[in-house]
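Asks: So the sequence lines, in the order shown, correspond to chains A and B.
Just so you know, this note's numbering puts 73 at position 73 of the first sequence, and the rest follows in order with no gaps.
Just so you know, this note's numbering puts 33 at position 33 of the second sequence, and the rest follows in order with no gaps.
Everything labelled a hint here was simulated from the structure, so no lab data went into it.
From the three backbone atoms N, C-alpha and C, an ideal C-beta is built for every residue, glycine too.
Incorrect hints may appear among the rest.
Facing chain B, from chain A, some residues (calculated, C-beta under 7 Å) [said to hold, decoys possible]:
id, residue
1, Leu14
2, Arg16
3, Ile19
4, Val59
5, Leu62
6, Asp65
7, Val67
8, Glu69
9, Asp71
10, Arg73
11, Lys75
12, Gly86
13, Val90
With a straight-line Cα cutoff of 27 Å, these simulated BS3-like cross-link-like pairs (lysine-lysine) come out [unchecked claim]:
id, chain 1, residue 1, chain 2, residue 2
14, B, Lys410, B, Lys445
15, B, Lys254, A, Lys92
16, A, Lys92, B, Lys79
17, B, Lys88, A, Lys10
18, B, Lys301, B, Lys287
19, A, Lys10, B, Lys79
20, B, Lys18, B, Lys114
21, B, Lys163, A, Lys75
22, B, Lys114, B, Lys88
23, B, Lys413, B, Lys443
24, B, Lys301, B, Lys334
25, B, Lys170, B, Lys357
26, B, Lys413, B, Lys390
27, A, Lys92, B, Lys202
28, B, Lys214, B, Lys163
29, B, Lys129, A, Lys92
30, B, Lys254, B, Lys129
31, B, Lys287, B, Lys341
32, B, Lys114, A, Lys92
33, A, Lys9, B, Lys476
34, B, Lys301, B, Lys102
35, B, Lys202, B, Lys114
36, A, Lys75, B, Lys427
37, A, Lys9, B, Lys79
38, B, Lys220, B, Lys114
39, A, Lys75, B, Lys129
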Amino acid sequence: MSLTTDEVKKIAHLARLGIDEQDVESYARDLSGILELMARMNELNTDGIEPMAHPMDQVQRLRDDVVTERDNREKFQTIAPQVEAGLYLVPKVIE
Amino acid sequence: MEWETVIGLEIHTQLATKSKIFSGAPTAYGAAPNTQACAVDLGLPGVLPVLNEEAVHKAVIFGMAIEAEIAPYSVFARKNYFYPDLPKGYQISQMELPIVGKGHLEIEVDGVSKRIGITRAHLEEDAGKSLHEDFHGLTGIDLNRAGTPLLEIVSEPDMRSAKEAVAYMKQLHELVRYLDICDGNMQEGSFRCDANVSVRPKGQNEFGTRAEIKNINSFKFVEKAINYEIERQIELIENGGKVVQETRLYDSVKDETRSMRSKEEANDYRYFPDPDLLPVFISEDYKAVIKAQLPELPQAKKHRFKDQYALDEENAAILTYSCQLADYFETALKESGCEAKLCANWITGELSAALNKAGLEIMDSPVSSERLAGLLARIRDKTISGKIAKQVFEEMWQSTATADEIIAAKGLKQITDTGAIELIIDKIIAGNPGQVEQYRSGKDKVFAFFVGQVMKEMQGKANPGEVNKMLKAKLKR
Chain A
1 MSLTTDEVKK IAHLARLGID EQDVESYARD LSGILELMAR MNELNTDGIE PMAHPMDQVQ
61 RLRDDVVTER DNREKFQTIA PQVEAGLYLV PKVIE
Chain B
1 MEWETVIGLE IHTQLATKSK IFSGAPTAYG AAPNTQACAV DLGLPGVLPV LNEEAVHKAV
61 IFGMAIEAEI APYSVFARKN YFYPDLPKGY QISQMELPIV GKGHLEIEVD GVSKRIGITR
121 AHLEEDAGKS LHEDFHGLTG IDLNRAGTPL LEIVSEPDMR SAKEAVAYMK QLHELVRYLD
181 ICDGNMQEGS FRCDANVSVR PKGQNEFGTR AEIKNINSFK FVEKAINYEI ERQIELIENG
241 GKVVQETRLY DSVKDETRSM RSKEEANDYR YFPDPDLLPV FISEDYKAVI KAQLPELPQA
301 KKHRFKDQYA LDEENAAILT YSCQLADYFE TALKESGCEA KLCANWITGE LSAALNKAGL
361 EIMDSPVSSE RLAGLLARIR DKTISGKIAK QVFEEMWQST ATADEIIAAK GLKQITDTGA
421 IELIIDKIIA GNPGQVEQYR SGKDKVFAFF VGQVMKEMQG KANPGEVNKM LKAKLKR
């Protein structure tokens, strides 16, 4: 299994990554290498082996349903590019 | 050609927790913008989500109530998309291993029950809100809602009409409120619905191409939006067109749906397990504790009300619409010792009308179930008639007095002294010889005139049964 340069560009777009045209070929090669490794692993017989959902063999710790956070809006908004009426302002997201 | 509609619903319920699903920020509705959005909700670098136990608890309660398999092991995943209402660039959700598996819900349409399959229900975080007006061409973002726990409940494509879809949605709405896992407030967005709608020629096995109608926020609009969409699709196909798979938005003002997203933006969420969160394990013990605490569910309660209290379908359905109303009924019934039907009629009639008029819920009723019971007890032992009881009820609504206090203070006690009634009857008969003549010559209708006159004279305080009996005897002579 190998990726085309178009697929690499699409993936980059979905992840909002800017990549240089000259690097597309090498990305395609490297990513294809990863997929080939996956394909080889797929050939192994995994009958009776439990799928791994997380590399750490531990259980999720849960927190009690208690409000512990105070309002820090002022502080957070000092690092925002633009705010108004308590809102964060961003470029218009709908046409 | 005859067409069949196929509908599946995705319902997002906000779980009624105090804090968010992955942070300790509050979830209260209506706070000033961004005052309830902490570093985790803002997706600032270096933060880690920590799962709220109560959200898990409420999801499991729901799963138990729909007789679903609860996953012993469930996993959170990242759903990747870039939109400023979730600044991390992904929503934490569940994909392959959701917490609640296959279950089902019974609905009833026109007296016929039907089982609707529920495919799954998974935990995820809600997004913030975007405000598109008044910011000099920019969009304002309020992240207070970001991170509010959601349980997304996905149905099977088992519904065949807008009516069935609404019945399912109502049943689910009732259920989550019974379970006390969601406040069900649709105006505030606590309970939101997306509908997947397609049509196919009757008899065909394969599904047609579906359109998804987003965020329909009332029962009425769900029905209208689906019906509009069904007609649109049939018309399109019959005119040689093809339904495209897309997301559509319902416009309640124009009563139509319209395309929302263009094709080239077709979503590719690239889900993958979230490395920040470990798998969640639900033990058998944990489930057993929850199972033991499950309340009686709406359908079971309705059937019990019909059997145990011999109530008709309508009264049973109204009284079990909310847990609080059902409890109110059962308390009033027990305390008053009156007939179930009388108690039910008072609650679904007089009391409900007064509550509606005042815009109040049963929990906020100025007349408690104990006070209503006091009134019903006086109807039962014939201290007052039903008509006088209405008058007493109005007084009770305005004050904190008991029925007995009002009856005593206003002298409303029913007159059962037959001597007193007899005196009045004699007076009325003597004063209306013409009517007496008519009655005796066979005009039975005049009887009502006499009853009216006697009751008027006695200010409604005479026992109507007694008056009827005595009048008949007297007029015979």
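Asks: For every hint, state whether the structure bears it out.
Replies: Outcome of the hint check:
1. Given the 7 Å rule on beta carbons, the hint for Leu14 of chain A holds: about 6 Å separates it from the nearest Cβ of chain B.
2. With a cut of 7 Å, the hint placing Arg16 of chain A at the interface with chain B holds, because the nearest CB-to-CB distance is about 6 Å.
3. Taken as an interface hint, Ile19 of chain A does not check out: its beta carbon lies about 16 Å from the nearest beta carbon of chain B, beyond 7 Å.
4. Interface restraint check: Val59 of chain A against chain B, minimum CB-CB distance 5 Å, threshold 7 Å, status holds.
5. For the restraint placing Leu62 of chain A at the interface with chain B, the shortest Cβ-Cβ distance is roughly 4 Å, inside the 7 Å limit, so the hint holds.
6. Because the closest C-beta pair between Asp65 of chain A and chain B is about 4 Å apart, less than 7 Å, the hint holds.
7. For Val67 of chain A, the interface hint holds, the least distance from its beta-carbon to any beta-carbon of chain B being 5 Å, beneath 7 Å.
8. About 4 Å separates the beta-carbon of Glu69 of chain A from the nearest beta-carbon of chain B, less than 7 Å, and the hint is met.
9. This hint holds: Asp71 of chain A has a C-beta 4 Å from the nearest C-beta of chain B, less than the 7 Å allowed.
10. At its closest, the beta carbon of Arg73 of chain A sits 5 Å from a beta carbon of chain B; the interface hint therefore holds under the 7 Å criterion.
11. At its closest, the beta carbon of Lys75 of chain A sits 10 Å from a beta carbon of chain B; the interface hint therefore is violated under the 7 Å criterion.
12. Checking Gly86 of chain A against chain B by beta carbon gives a least distance of about 4 Å; that is within 7 Å, so the hint holds.
13. Hint status for Val90 of chain A relative to chain B: holds, with the closest Cβ pair at about 5 Å, below 7 Å.
14. Straight-line distance between C-alpha atoms of Lys410 of chain B and Lys445 of chain B comes to about 33 Å, which puts the hinted pair past the 27 Å bound.
15. For the hint pairing Lys254 of chain B with Lys92 of chain A, the CA-to-CA distance comes to about 25 Å; that is within 27 Å, so the pair holds.
16. Among the hinted pairs, Lys92 of chain A with Lys79 of chain B is consistent with the structure: their alpha-carbon atoms are about 22 Å apart, no more than 27 Å.
17. The suggested pairing of Lys88 of chain B with Lys10 of chain A holds, with an alpha-carbon distance near 21 Å, which does not exceed 27 Å.
18. Distance check on the hinted pair: Lys301 of chain B and Lys287 of chain B sit about 23 Å apart at the alpha-carbon level, within 27 Å; holds.
19. Taken as a hint, the Lys10 of chain A and Lys79 of chain B pair is honoured in the structure, with Cα atoms around 17 Å apart against an allowance of 27 Å.
20. Pair hint Lys18 of chain B plus Lys114 of chain B does not hold up; C-alpha atoms about 36 Å apart against a cutoff of 27 Å.
21. Proximity of Lys163 of chain B to Lys75 of chain A is assessed by CA-CA distance (about 50 Å); at most 27 Å being required, the pair is judged violated.
22. Taking the CA atoms of Lys114 of chain B and Lys88 of chain B, the gap is about 42 Å. The hint is violated against a cut of 27 Å.
23. Restraint check: the Cα-Cα separation between Lys413 of chain B and Lys443 of chain B comes to about 33 Å, which exceeds 27 Å; the hinted pair is violated.
24. Between Lys301 of chain B and Lys334 of chain B the CA atoms are separated by roughly 16 Å; this keeps the pair inside 27 Å, and the hint holds.
25. Of the pairs offered as hints, the one joining Lys170 of chain B and Lys357 of chain B holds, with about 23 Å between alpha carbons and a cut-off of 27 Å not exceeded.
26. The straight-line distance between the Cα atoms of Lys413 of chain B and Lys390 of chain B is roughly 13 Å, inside the 27 Å bound, and the hint therefore holds.
27. Straight-line distance between C-alpha atoms of Lys92 of chain A and Lys202 of chain B comes to about 45 Å, which puts the hinted pair past the 27 Å bound.
28. Distance hint between Lys214 of chain B and Lys163 of chain B is fulfilled; the C-alpha atoms sit about 18 Å from each other, no more than 27 Å.
29. Restraint check for Lys129 of chain B and Lys92 of chain A: the C-alpha separation of about 13 Å stays at or below 27 Å, so the hint holds.
30. Only pairs whose Cα atoms come within 27 Å are accepted, and Lys254 of chain B paired with Lys129 of chain B is accepted, the gap being roughly 24 Å.
31. A distance of roughly 38 Å separates the Cα atoms of Lys287 of chain B and Lys341 of chain B; the hinted pair therefore is violated under the 27 Å criterion.
32. At roughly 46 Å between alpha-carbon atoms, Lys114 of chain B and Lys92 of chain A are farther apart than 27 Å, so this suggested pair is violated.
33. Taking the CA atoms of Lys9 of chain A and Lys476 of chain B, the gap is about 103 Å. The hint is violated against a cut of 27 Å.
34. Taken as a hint, the Lys301 of chain B and Lys102 of chain B pair is honoured in the structure, with Cα atoms around 23 Å apart against an allowance of 27 Å.
35. Annotation: proposed proximity of Lys202 of chain B to Lys114 of chain B holds, straight-line Cα distance about 19 Å (limit 27 Å).
36. For the hint pairing Lys75 of chain A with Lys427 of chain B, the CA-to-CA distance comes to about 87 Å; that exceeds 27 Å, so the pair is violated.
37. Under the criterion of a C-alpha separation no larger than 27 Å, the hint pairing Lys9 of chain A with Lys79 of chain B is consistent with the structure, at around 20 Å.
38. With a C-alpha separation of about 21 Å, the suggested pair Lys220 of chain B and Lys114 of chain B falls inside the 27 Å cut-off, and the hint holds.
39. Using a Cα cut-off of 27 Å, the hinted pair Lys75 of chain A and Lys129 of chain B holds, with the two alpha carbons roughly 21 Å apart.
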